[in-house]
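Protein sequence lines, in the order shown, are assigned to chains B and A. Here the first sequence is numbered in full-length UniProt numbering, starting from 1 and rising by one per residue. Here the second sequence is numbered in full-length UniProt numbering, starting from 1 and rising by one per residue.
These are computed hints drawn from the structure, not numbers from a lab. Keep in mind the model is a prediction, meaning the values are calculated, not measured. There could be a bad hint or two in this list.
[To be verified] Derived list of chain A stretches under chain B, where covered just means 3 residues or more per stretch with a C-beta under 8 Å from a C-beta of chain B: (1) 64-72; (2) 87-94; (3) 227-239; (4) 429-435.
[As the list claims (entries may be wrong)] One side of the interface only, derived from the structure: several residues of chain B facing chain A at Cβ under 8 Å: (5) Ser-23; (6) Ile-30; (7) Lys-59; (8) Asp-114.
[Said to hold, decoys possible] The calculated BS3-like cross-link candidates involving lysine-lysine, where the alpha carbons are at most 30 Å apart (straight line), are: (9) A:Lys-176 with B:Lys-27; (10) A:Lys-16 with B:Lys-27; (11) A:Lys-601 with A:Lys-651.
From the three backbone atoms N, C-alpha and C, an ideal C-beta is built for every residue, glycine too.
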Amino acid sequence: MQFMLLFSRQGKLRLQKWYVPLSDKEKKKITRELVQTVLARKPKMCSFLEWRDLKVVYKRYASLYFCCAIEDQDNELITLEIIHRYVELLDKYFGSVCELDIIFNFEKAYFILDEFLLGGEAQETSKKNVLKAIEQADLLQETKEQKVKLSILH
Amino acid sequence: MALKIVKGSIDRMFDKNLQDLVRGIRNHKEDEAKYISTCIDEIKQELKQDNIAVKANAVCKLTYLQMLGYDVSWAAFNIVEVMSSSKFTYKRIGYLAASQCFHESTDVIMLTTNQIRKDLSSPNQYDTGVALTGLSCFVTPDLARDLANDIMTLMSHTKPYIRKKAVLIMYKVFLKYPESLRPAFPRLKEKLEDPDPGVQSAAVNVICELARRNPKNYLSLAPLFFKLMTSSTNNWVLIKIIKLFGALTPLEPRLGKKLIEPLTNLIHRIMSADRSVYIPFLVARVRTKGESMSVLKYVKAMFVFVVKYLGLLAMSKILKTHPKSVQSHKDLILQCLDDKDESIRLRALDLLYGMVSKKNLMEIVKKLMLHVDKAEGTTYRDELLTKIIDICSQSNYQYITNFEWYISILVELTRLEGTRHGHLIASQMLDVAIRVKAIRVFAVAQMATLLDNAHLLTGNVQRKGICEVLYAAAWICGEFSEHLDNPTQTLEAMLRPKVATLPGHIQAVYVQNAAKLFATVLKSQEGNTDSTAAQETSQLMIDRLPLFVQSANLEVQERASCILQLVKYIQKLQQKDVEIAEEVIALFAGELNPVAPKAQKKVPVPEGLDLDAWINEPPSESESEDEQPRAIFAKEEPKHSRPRHTEVDEKELAKRREARKQEQANNPFYIKSSPSSQKVYQEAPGVEHIPVVQIDLSVPLKVPGLPMSDQYVKLEEERRQKDRADKKKKEKKKRKEKRSGRGKRHDSGPESEEDITPAHMVDIVTEEMPESSKQGQNVCLCHFRLSRPLADSEKLPVRSHRAAEVLKSPAQDGDAESAASQEPKKKSSKEKREKKKDKDRDRKVRVTCLQHYSPPPSPVNDIQGNLQDGSQVVVSVIFENKCDSFLKSMEFNVLDSLNSKLQRPEGSGPHDGLTVPFQLPPGVSNEARFVFTMQSIITPQKLKGTLTFIVKNEDSSTHEKLDFKLHFTCTSYLISTPCYSDAFAKLLESGDLKCSSVKLEGVVMPFHHLLARICFRHHFSVVERIDSCASMYSRSIQDHHVCLLVKTSGQTVSIDAKCDEPTLLGNVLDEIKQTFSQC
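Bound-form chain B, shown alone:
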């Protein structure tokens, strides 16, 4: 996988993860282009599109678009599965996730993604294991700073 983008119906970027080193300018250009292309598509259209020399796999969950770019030989359906699995993870972690959860806890969303994917490859397919790792890491974080950070968790 080359990169993953999350953006809203309005085209606001909510999360981005790049697995290929690109300059900021390049990233911005790609993001803008891709967001436009995907938003222009109608709901009944298929989830895969060929874009430049990549394939883009996207899926819409409520008001959020999850969008991944993969190489030509990669499997589109497994990418769709990855997206779905990631949404499931978010859902489990936040408890029926909504866009605002991701906006306000965007670093958590990243941590979950990092536990699930590494370098663009799925590293852990078990939902349980991912969540366990995240919870333990959070615990580590909270024990150290529960005094100061309590207010943030609301």
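For chain B, the structure is supplied; the task is to place chain A on it using the hints.
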């Protein structure tokens, strides 16, 4: 101290945290930029503080701003600071920020190496984990090199959590620092059998990705993966494994067979569970025989699901191996053309391209035309248009049975609005009109209509794409103006003032072709004895042409003024009542023939021309080399050097001039000065002899209410039905005679591909045989060359590709040749020429042999051959029918020897003949190819063979037989290969070569003739020539080296030869001796 901490916490209470920032941004929708710039100022302040918590908070906010598209690269150093915090909370944020903001050119990355190394070896697994995660995003070649060893150690960490991360990140490290692959690979392989499924799947992932880049290295792991595949229940892992096998199977075909069973089991298992439809698609990637058949079933099932796109993708994969099975799903695919989604439509189009056959072409194109009308968006419409043309024109119009239909399609396509592909349509029109002679009448009529309605095409200047079509239309109308119904009207149309708005290159063609048309019109009008009409036409030209003379385009201007003057002159003559039409016509006489792109290669290099040789003596150093020739052969005599180009006297010059003239006269590619020679072109037997099935044109060409091309679909149906009916009738008549143009006899069952006879024939101009359009001529060319003695001026040819010579004296040969061409029925000598070409290396060899026979009038065969590799020989035989009867049912058979065998299709016995896949009308020649397998090439071979055929006269048909011999000389296995003198010397010094020599007495020919003859007939090339001594080199198709040293003194020629195969050498020398004993 305590106070400071308290103060810090109090400060922090007033800081914005991330949530506040997000909320703030959401509340300042109108002046977001302004709000953020104040925030950034605050963050800058925060970063200056010592408190790491404050810094981490600031970095966290920066990460968010970075995502929104603000530049935060200035904070890179602060990010590193936060990364190096000892507290996990901050470290986590620091690494997150780094993974989001850093890229390869971020210079602070250098500072992180030690920090990361420390984190990697941290006792806390989450510290390590977060470092690995971060590293995966910003690893640089330097980092990869420095940390590879640490990561490798982590691969055998006690905690699976770390192991799997370490394994995965190794892939990134391999990419950045490939040298690490070899040392790390054994450990990576170990991880395939890790007890933890997560680590296992990570290892599978990495190896699968690696294998995509270079599958060969991972073939040895196949058994391991096979085991994993049958045992694993994790679908994620299975998918990767199957993908890996997809990369491996092309390298190891046996693997594919082995995989069929487990894969089928998998599919069954997974198809029953609903969501995971992806496996079948993957399986399609493992392209193996047989297996994809069963997959197709599942692919079809995929259409039922939403994943049409994947289904189409999979189909296109299967199409490559099993075209037939996909064809049955044509309707399904055509439906996809209606899909809303463009990528699905494009995929479907791709598939259609591969699915067409003679039978369904018209139907498919008709459907596509409907879509063209409906399509919205020019890009998709253009795509449709190109696909239609691609589909129709693929492999030399193989699938088109009716070219009138095709022309109508093209004309319909010109009505498209806003297409960019005008030139494509134009080139198709030109191509078809030139190559399909029978269509010209029709094409010209259509083009004339187009020209007449040119205003429809040029109505909008923006649509300049489509007016390219007028280029083709004008050219076709001009070139084939004799077919025009009403040339005057077309001429008028071409000279309309509106034309001046067209692009320059089109105007130029208009002007030129107006002149051609003018010539035709003039001719028809002069015949009418009404001289005023002719003069009116001239006047029309004179009136209209000045418009073009003023054109801004130079080409148009030049042509127009030239033609204008010409017409004025013609008018002057007309007024004197001089008949000039003939002369005007002569301006454009002669026919343009299609020339293949690689035709130039087929033009033999003239014998005197050595393309590698210096035109002038190379400067200085070569002379010193001349003076000190290297001792190549042991018995070499001392030589004197002399400049080469000295004694060119008057006589010699005249001789050369004569020879050149003769050569030019024989060379059809040379443009002659006299117009009469052009007529020779047309008289030469050529394409006119290709049988063309005439189509009944009584059906009106325009059906009201129907688009033009539709009627052809109907027409074609009728034609096929008629054909079928005819055939049935014939069969009832107890098969009195076979219908012409049919290869096989079929039952009245469903039509097969071969059954559909094309209505028109195409002149096929392929790369291999560009001469096919004028094959007759080319044969003549061969004959001339054979009989002509070597000209004095001709030097040593290297790597020439020319017709072989007959082993006969030149004079006799010439006689036989002319007799053969003048009286085909006369008992004539039959030559077989076998040109053998090593395709891989692009070198040529040939065999000559001569054989007499005396049967009744029957075809003369020319045989040419091609060598494919060391053991396979492709002999291409040109069958030329020189008698007056129709020949059919030809069967070619050769009596195999132990050494050489004719390759026959599987299933046929060793004595079965091969059917020649065509029939021969009188005077027509065609080529068929046969493959021979050779065991050894060191001895010459003769193979006896027979050709049986049926001679069909008007009232009777007889069965005839023709015996022939194929003579494979040793020489024919040699390939003239250039060799440099130093390489040559090294070869001789190596001592691997056996020596042999031969002396020829009474050779009366100049030394260079002698060399030329050896080069020419025995495929040697000259390495070095000094005075009356020359070294030559050649190589056999099985890579034997043959070296010659040729010396002459008086009438004696001595040849010393060396070769690593003594038998081959002996035979080659015998053949050389024979060549010279006959002259």
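Practice task
Hints the structure violates: just list their numbers, smallest first.
Solution key: 4, 6, 7, 11
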